[in-house]
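Peer 1: These protein sequence lines are chains R and Y, in that order.
The numbering used here applies: residue 3 is where the first sequence begins, and numbers increase by one.
The numbering used here applies: residue 14 is where the second sequence begins, and numbers increase by one.
The reader is advised that the hints may include incorrect statements.
Unchecked claim - Below 25 Å or equal to it, Euclidean Cα-Cα: the simulated SDA-like pairs (lysine to any residue) are:
1) 87(Y) with 58(R)
2) 91(Y) with 66(R)
3) 41(R) with 91(Y)
4) 132(Y) with 85(R)
5) 91(Y) with 8(R)
6) 41(R) with 122(Y)
7) 87(Y) with 85(R)
8) 87(Y) with 156(Y)
9) 132(Y) with 66(R)
10) 91(Y) with 11(R)
11) 91(Y) with 52(R)
12) 87(Y) with 36(R)
13) 91(Y) with 31(R)
14) 94(R) with 78(R)
15) 132(Y) with 98(R)
16) 87(Y) with 11(R)
17) 132(Y) with 95(R)
18) 41(R) with 135(Y)
19) 87(Y) with 53(R)
20) 92(R) with 181(Y)
21) 87(Y) with 94(R)
22) 132(Y) with 74(R)
What the hints assert, rightly or not - Here are some chain Y residues the structure puts well away from chain R; computed CB gaps all over 10 Å:
23) 64
24) 137
25) 156
26) 174
Think of the hints as simulated: they come from the structure by calculation, not from any bench.
In this text, a Cβ means the ideal position worked out from N, Cα and C, and glycines have one as well.
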Amino acid sequence: MTWWSLVLILVWLATFVAGQLFFKRAMELSSVTGFRDRKTIALLGAGIFSMTISFLLNLGLLQRFDLSYLYPFQGLSIIMIGLLAAAILKEKLTWRLTIGTLLITAGVVLVSMS
Amino acid sequence: MDGKAARERRETNEFNLLLFLSQLWSEIFRDVSVRAGLAYSLDMTNNRPSGFANPWLQLGLNIICVVLYELLLKTGAKSTADVSRAWSWTGITGLASPLIWLAIIVIILDLIIWLYVLKYIPLSIAFPLSRVVDVLVPISCWLILKEEISPLRWYGIALVIIGLAIVAKPAARLEERL
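Whole structure, please, built from the sequences with the hints as guidance.
Peer 2: This is the structure in C-alpha cells:
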C-alpha cells in the first residue's frame, strides 16, 4: 500500500463518517423544524455530498484492493461514529454500548483477516 | 397582509421532496401491511409508527439493501478496473458498468430507508447494529454459494454477534422509553 492509497482510505472513511453525522443531525432537526427549514436542507445536502465522494473513492479503492482488505478499515468507522455521535450529537455512550461496539469492530477485523 | 397570509398558507401546504419520499415510504409499507392482514397500528400515545413503518423493521430492510449493493458494487468495480488506468483511482470508471447503476438505485432506496431509521433511532445504536451485514455476507456465501468459512472467520462472526447482542440491549431499553 502506497502513501497515496492510505490518504484515499482515510478520506473515504472521513467523508463516510461525516456524511452519517450530517444525516443524523438533519433528521433530528427535521422533527423540530420540518423539511422546509434551510438548515435542514443544507445539512442533508452536505450529507449527500460527502456520501457521494465517499462512494466514488470506495469504488476506486475496490478496483485496486480486495473487498476483504478494505473491510477492516470500514470496521474503524463503527468506532469513529460511536465516539463522534457522543461528542458532536451528544448521544449517550454507555459502557455497554462501548463494549458492544468494540466487539463488533474486533469481529469485523477478524472476519476480514481470515 | 392577505399576500403574506396566502404565502404562509402556500408554504405550509407545500411538500418538500424528501418529506414526501420518506412519508411515501412509510405509507407504502403501512398499506402493504394492512393488505397482508398483519398487525398494524400507529401508537398515538408515543407517536412511534409500528407495523411495517416500525423503524426497527426498516433497519432490517436497510441491512438487506446494504448486502445487495455491496455484492453489486464489488462485481461491477472488478469488471471495470481496466477501463482507464489514469482515472481508475477516482472510481469514476466504475460508472461504465450497468451493475454499478443498479447498485446506485439500491443505494438511493437504502438512503431513504436509512434517513427514516435515523429519525427514530440514535446513530450510536443504529450504526453498530447495521454492521450485522459483516456477518450476513460471509454467512450467505457459506449457505448459498457453499463457500468455506475458516475457524478464524467463525470466531470473528461470533464476536460480531456477541457485540450486536450487547448493543441491542440498550436499544431495547430505548424502545421502552420511546
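Peer 1: Could you run down the list of hints and mark each one as holding or not?
Peer 2: Hints, one by one, checked against the model:
1. Simply put, residue 87(Y) and residue 58(R) have alpha-carbon atoms about 13 Å apart, close enough for the 25 Å limit, and the pair holds.
2. As the CA atoms of residue 91(Y) and residue 66(R) are separated by approximately 9 Å, the hinted pair is consistent with the 25 Å bound.
3. Under the criterion of a C-alpha separation no larger than 25 Å, the hint pairing residue 41(R) with residue 91(Y) is inconsistent with the structure, at around 39 Å.
4. For the hint linking residue 132(Y) to residue 85(R), the alpha-carbon distance of about 19 Å falls within 25 Å, and the restraint holds.
5. Between residue 91(Y) and residue 8(R), the direct Cα distance comes to roughly 20 Å. Compliance with the 25 Å bound is thereby established for this hinted pair.
6. Only pairs whose Cα atoms come within 25 Å are accepted, and residue 41(R) paired with residue 122(Y) is accepted, the gap being roughly 23 Å.
7. Restraint check for residue 87(Y) and residue 85(R): not satisfied, since their Cα atoms lie roughly 29 Å apart, outside the 25 Å limit.
8. Under the criterion of a C-alpha separation no larger than 25 Å, the hint pairing residue 87(Y) with residue 156(Y) is consistent with the structure, at around 19 Å.
9. Between residue 132(Y) and residue 66(R) the alpha-carbon distance is near 36 Å, which puts this suggested pair outside the 25 Å criterion.
10. For the given pair, residue 91(Y) sits about 18 Å from residue 11(R) by alpha-carbon distance, which is consistent with the 25 Å threshold.
11. Only pairs whose Cα atoms come within 25 Å are accepted, and residue 91(Y) paired with residue 52(R) is accepted, the gap being roughly 24 Å.
12. With a CA separation close to 37 Å, the supplied pair residue 87(Y) and residue 36(R) exceeds the 25 Å bound.
13. For the proposed pair residue 91(Y) and residue 31(R), the alpha carbon gap of about 39 Å is over 25 Å, so the pair is violated.
14. Among the hinted pairs, residue 94(R) with residue 78(R) is consistent with the structure: their alpha-carbon atoms are about 20 Å apart, no more than 25 Å.
15. For the given pair, residue 132(Y) sits about 23 Å from residue 98(R) by alpha-carbon distance, which is consistent with the 25 Å threshold.
16. With a C-alpha separation of about 16 Å, the suggested pair residue 87(Y) and residue 11(R) falls inside the 25 Å cut-off, and the hint holds.
17. A hinted pair counts as satisfied when its Cα atoms are at most 25 Å apart, and residue 132(Y) with residue 95(R) qualifies at roughly 18 Å.
18. Between residue 41(R) and residue 135(Y) the CA atoms are separated by roughly 20 Å; this keeps the pair inside 25 Å, and the hint holds.
19. Pair hint residue 87(Y) plus residue 53(R) holds up; C-alpha atoms about 18 Å apart against a cutoff of 25 Å.
20. Between residue 92(R) and residue 181(Y) the CA atoms are separated by roughly 19 Å; this keeps the pair inside 25 Å, and the hint holds.
21. About 35 Å separates the Cα atoms of residue 87(Y) and residue 94(R), which puts this hinted pair outside 25 Å; it is violated.
22. Under the criterion of a C-alpha separation no larger than 25 Å, the hint pairing residue 132(Y) with residue 74(R) is inconsistent with the structure, at around 28 Å.
23. Look at residue 64(Y): its CB is around 20 Å from the nearest CB on chain R, clear of 10 Å, so calling it non-interface holds up.
24. The beta carbon of residue 137(Y) sits about 4 Å from the closest Cβ of chain R, which is not more than 10 Å, so the claim that it is off the interface is violated.
25. Every beta carbon of chain R lies more than 10 Å from that of residue 156(Y), the smallest distance being close to 15 Å; the non-interface claim holds.
26. At the 10 Å boundary, the C-beta of residue 174(Y) falls inside the reach of chain R, the nearest C-beta of that chain being 8 Å off.
The structure shown violates the earlier hints numbered 3, 7, 9, 12, 13, 21, 22, 24 and 26.
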